[in-house]
Each structure stands twice: as structure tokens, then as C-alpha cells.
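Line order of the protein sequences matches chains A and B. For the first sequence, position 96 (counting from the first letter as 1) is numbered 96 according to this note's numbering, and the numbering increases by one without interruption. For the second sequence, position 3 (counting from the first letter as 1) is numbered 3 according to this note's numbering, and the numbering increases by one without interruption.
Among the hints, a few may not be true.
What the hints assert, rightly or not - Simulated crosslink set (BS3-like; lysine-lysine; CA at most 30 Å straight-line):
no.	chain 1	residue 1	chain 2	residue 2
1	A	Lys335	B	Lys88
2	B	Lys150	A	Lys126
3	B	Lys23	A	Lys263
4	A	Lys124	A	Lys427
Just so you know, the hints here were simulated from the structure itself, not pulled from any lab data.
Residue strings, one per chain:
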Amino acid sequence: MAMIKAEKTPERSAPISESSVIGWLHKHLFSSAFNTLLTFVMLYIIYLTVSGVFSWGVLDATFVADNRRECYDNSLTGACWAGVIHWTNNIFYGRYPREEIWRINFGGLLLVLWMAPLWMSRVKGKVLVATTTVVFYPFLASYLFSGGDKGFFMQIMVAGAMTAFALNMANLLAGLFRSQGLNSFLIKALGQENASDKTQRNILLLLAGIVFGVAFFWQMGQTLQPIVWTKWGGLFLTLVISGVGIASALPGGIILALGRRSKLVIVRVLSIGFIEVFRSVPLITVLFMATTMFPLFMPEGFVLNKLVQVIIAVVLFNACYMAETVRAGLQAIPKGQYEGAHTIGLGYWRTMRLVIMPQALKYMIPNIVGSFIGLLKDTTLVSIIGLFDILGMLRSISKDTPWLGLHKEPLIFGAILFFIMCASMSKYSRHLEVKLSAGRTH
Amino acid sequence: MSNNPPKSQLASAASSEVMIAIKQMNKWYGQFHVLKDINLTVHKGERIVICGPSGSGKSTMIRCINALEEHQEGEIIVDGILLGKNLKNLDHIRTEVGMVFQNFNLFPHMTILENLTLGPIWVRKMNRVDAIDTAMTYLERVKIPEQAKKYPGQLSGGEQQRVAIARSLCMNPKIMLFDEPTSALDPEMIKEVLDVMVELANTGMTMVVVTHEMGFAKTVADQVIFMDEGDIVEQNEPTVFFDNPQHERTKLFLSQIL
Ligand SMILES: Nc1ncnc2c1ncn2[C@@H]1O[C@H](COP(=O)(O)OP(=O)(O)OP(=O)(O)O)[C@@H](O)[C@H]1O
Ligand SMILES: [Mg+2]
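Just chain A, same shape as in the assembly:
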């Protein structure tokens, strides 16, 4: 049967169930008698929980008191936040001398500023920024935090870090106000646009050298008061351990994963053995082994402090987990990509760096961030082997005489802190995923 439609069908608005609030409520909450019942039961349970928590944690809670007795005098049914508030500095900084706490805050601020360009689309040279962060920042930070006399190497690295930071900030400004890289901005400002590549590079190197020289002489006169690592603690210590872990687990994981896929039998077997051993042992065991057995393998008289041992253990453990994440990502890349790279003559390392890894990382991001979150939470285990990280600090509140027996509130406070940190990490990972996959359909 033939038919012809003479006119266009006019558009109509969607039925009420698709557009109005009532339609939505009906569809999602009250679509049948049973669902309606379920909705009301759930609402009631939610009401009970929220109102209970709210009156305990806010309405009946005590925020100002000198000891637990006073809390009870004020209200028997409410939380005693006063203890947590009293201990705030300990929770965040451990037993770090109070008058030196600025060093920790300053170190954190430096890191934020240093990495800020990575989030700004107008700023150029992101790879360089990221590299200098990994190479220089740790030295600057470790000197800031521990102080004392600098060896010659440390002096070089600290001056290098200051140079890198200064150039980074200048580059940031050039990017924000001129939308260009620092190098092209300087070349233009000096009127050297037409000079050869080599002269331009030499000029830039000379400028960087001058900054380095100034930084070097300035830092020679500066010495910070030494602070032993045993005074480090609280959230600060947690972030140091997990920060080092996060920064080195990914490179370590990539190397192990490549080793596991290597054609060289020895490399492959070693990588597999390493990965499987660490993956089949709980972290707490690795931590105990690191602090008790590691010294046995070291040459006589060679003493590593416990913190370094713990950090090494955390790094190795997480590199092994990361290796499996990376391997899964690599397996998602079709063989044709290797062959394509091969036919334009890229060798193994360049193929990995330019073609394979950038694609694989995109697939890996959710899992990588998942591991990072796990790492952050797992570092609380170090409180078991006697480091006073944030969990250790929270738990020692209940042993402090005025606050004897105060368990609940500190732990709840810790839980909220961890929730904020972990939730923002996973939110950021979702943002990254969307950003990286935009405009690139396969």
C-alpha cells in the first residue's frame, strides 16, 4: 500500500509524566502501592537518622570546655567537640614545634602554587611544570620540614627548586596576562625574535643561570632550625607518606608493568615475582617487615630512620598494585597502534611514551584514582607500628587526662576529614575523564 504524507507533523510538548515535578514524583517514587509504602518507610528512616545525628552533633553538642567533665555537665546526650578543638593543632601537625608550624603551611602553599598552572588552560609548558614538581619540590619540602645544615647537594637542589618555582610563577603570569609561554615573552621583550634558535636558547639559559645564582647565594645565609622526624605527626605525616606514595607509585607501576610485558625473560620473571609477592601480602605485614627486617639486609652501621623505611614499604606496595592497573590499561590498546608507530620508525620507548601511554592512561584514570584513595586510607596503618599519623593522634586524645575516654568524636571527625579528601579526589577523577575524552571518539 502506497502512502504519501503531505504535511510535516507538528511538534507537541512531552506528556506530563516527562516534564512536571508531579510527573517525576509519580514516576520515580509513587508508581505503585508497594513503591509508595517503600518511599514512606525510607523517608521515616532517613528522618530518624538525620535528626538523631543532628541533635547529637550540633544541637546538644558542647564546643567550648576544658575537660570531659565540663562537657557532661553541659549536656549528657550531645557530642563533646571541645576535646577535638583543643587538639586541632596536634591532629593536623602532630608534635611539630608550634612556632615552626608556618614551615608546614608554607610548604603546602608552595605545592599548591607550583601545581596551579597544571589546571589553567592558558598557561603553557605543563609537562615542564609537572617534571620540575617531581624533581625539585621534594627536596625543597624535605628541607623546609626537617631543617638543619644543608649538604652541598641539598644546597644545589634547594636553589634549583627556588629557581624552578620562580620561573614557574613568571611563566604563570605570562600565561595569564599574555597567553604565551615565558620563553617567547622574554625573547620578545628583549627584542630577539629574529635571533637564531641557538642564541635564543642561550639567552634563556643565561637568565635561568642568573636566577639560580641569586637563589644559591641567598639560601647559603639561611638555615632553618632542625626538627627530628619523630616530632612529625597528624594529618601532616599522613599527607607526607601518602604524597610520596602517590607521586612515586605511578612511575614505579609503569616500570613494573612494562617489565611484566617485556620480551626479556629475566626482566619479565623478576617483575612478575615482585608484583605477585607484594600483592599477596597485606600492607601491615609489609610495614612490619620493612621496619624489622629491612635493617637486617642493610650494611652494618647503615641506619635508616623508621619513617624512610615506612615510606619505602608504602611505595613498593602501591607500585605493585599500580602495575596491575597500568597493565590492564595497556591491554586495552589494540596491536595496530604499536604497528602504526613501528612503521614510522618510533622505537620502543618513544612508542610507549608518545603513542601508547597517553591513550592507556585515559582508560586507567578511574582505577588509578581508586588506588590513590586506597593509598591515602591505608597509610593510617602506620599508626599500628608506632607513628603518630592522623589516626594515631585522634586515638591518643582519649588517653589525654582531661579527655580520658573520648573516643567517638575524634574518630568521627577523622572520618569526615577522610571523606572530604577522598570524595574530592574521586570527583576530580570524573572531571578528568570527561575532559580527556571530549572530542575524541574512536
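Assemble the complex: chain A is given as a structure, and chain B with the ligands must be docked to it using the hints.
Frame of chain A, contents of chain B with the ligands only:
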């Protein structure tokens, strides 16, 4: 194909200089004997078309020529260099021999321009400006300069394949290998890719092409090779090959595809 009358044979650019020499080459996958006693000589500027049923070893053979696959017996000499375990030789061969695949193998995370400049910048150590210049020249040759800023996923199959050809040409190779470059394309895109290949043949490039496009073979090829079950069964000039095939298996195959 406007500048050369259809179906007429392109003038051969073949010289006496040998570009590829394969002697008594054998290859196994495990116990499976894929290539048996292969002998083949390709001169400079010569255009070879290889055809044959699925699984006959066509891909395997041309992949051996740029060392994507290892062979176990016999010799392969490309541009005077013996393929073997010597990694330096391999690196050299890879930059001399370009290859185009059935499914393009472009890098999806880079723009077309980045795809084209990757090799020149990192392998040929060209500076960025020159590399972009070269890339644009070749994009114009394959007639899609306006797509330079796009990602491969945003192009049609035919355009992607032309980009893949341009990517290989940017490395300025001496030999181009094609493995069924049009098999993954819709019919209306096949012609645009074949046109580019015919033009390339016009420039005197040495080409080894696995394809079932017999029209292309008739216009462009100096020699047509028929492979079956790992053997080179028949090799001849296109006129003889198509009008007067000698071997039973060739006759059967041609009757199936023509
Ligand atoms: N990596 C491999 N391992 C084992 N066998 C393989 C491998 N690659 C190919 N083969 C086998 O070798 C034979 C030849 O394969 P090849 O891909 O060269 O055939 P072809 O002539 O290109 O076929 P097609 O027209 O389908 O592309 C086939 O039987 C195939 O199954
Ligand atoms: Mg094939």
C-alpha cells in the same frame, strides 16, 4: 584518474636497481608453515600487486618486508640491507619502508597534523616548522588539507586512510607497502583512496600492494602475484595474468572474484 585514461597501463618506472630481494624465505607460526620458499625481487619504481584467497599468507609476507614479523629461514634484503637480528638495521629499514594498513592505525589521541609530524620530529629530528610544512604538502597531495586540525575519529574512513598514506609519505620512504588499504571502506570511498595511490604510482614510488581491486592492478601494476596456501603460485604481467592465467588455482580464483 583524469590525467591517465582508464584501464590503460601506466608507464612503468621500474629500473634495474633492486629494492627488495627475498630469497628462499620460510616462515612458521608455531608448527604452522605460513610461507613456503618465497622468492621475489622488486626493482626500484616497480609496482607489485599481490592477490590470493584469505589466509594464503599475503599479509604475513609483506609484514616480513618491514620486519613487523620475523622469518625463520632464507634472506630478505631491503635497499641493500639484510634483515636479521641486527637492531640498527631494523631501525633503518623501518624508516625506509612505509606501510598502510587495512584499518588505518592512526593515533586517535592526536590531531591529523600531530599524527603526520610525529615521525619527522622524533625520528627524522626535523624542526617543528619544517615538519608542519612537509605535513601540509602531503595533506594537500591526498586532498584533505582542511582536516589538519581534526582528530582521526572525526574523519570518514576514506579520509582516514588518505591521512595514513600521507603519514607514511612524510617519512619520505623509499618503498610503500599497502595491506588491503580499501577493504574496510564503503564503496564510495574506495575510489578516493585508489586515486591517491595511482598518483603515488605516477611519482615513481616503489609499491607492494595487497588488494583485490583488479581495476587498480590492471592500471598500475608491473607484476601481479597470486598466492595460495603460503606459495607464490603465479607471477606475471597484468595483461597476461588476467587474460591468460596459467595455473588452475589462479583460474579458479580469478573466476570467483572477477
Ligand atoms: N599471529 C599469528 N599466529 C598464528 N597464526 C597466524 C598469525 N597470523 C596469521 N596467522 C595465520 O597465517 C595464515 C596467513 O595469514 P595472513 O594474515 O597472512 O593471510 P592473508 O592472506 O593476509 O589473509 P586475508 O586476506 O584474510 O587478510 C592464516 O592461516 C592465519 O590464520
Ligand atoms: Mg591480510
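The hints, checked one at a time:
no.	hint	result
1	Lys335(A) with Lys88(B)	holds (23 Å)
2	Lys150(B) with Lys126(A)	holds (22 Å)
3	Lys23(B) with Lys263(A)	holds (28 Å)
4	Lys124(A) with Lys427(A)	holds (25 Å)
In terms of the numbered hints stated before, the structure departs from none.
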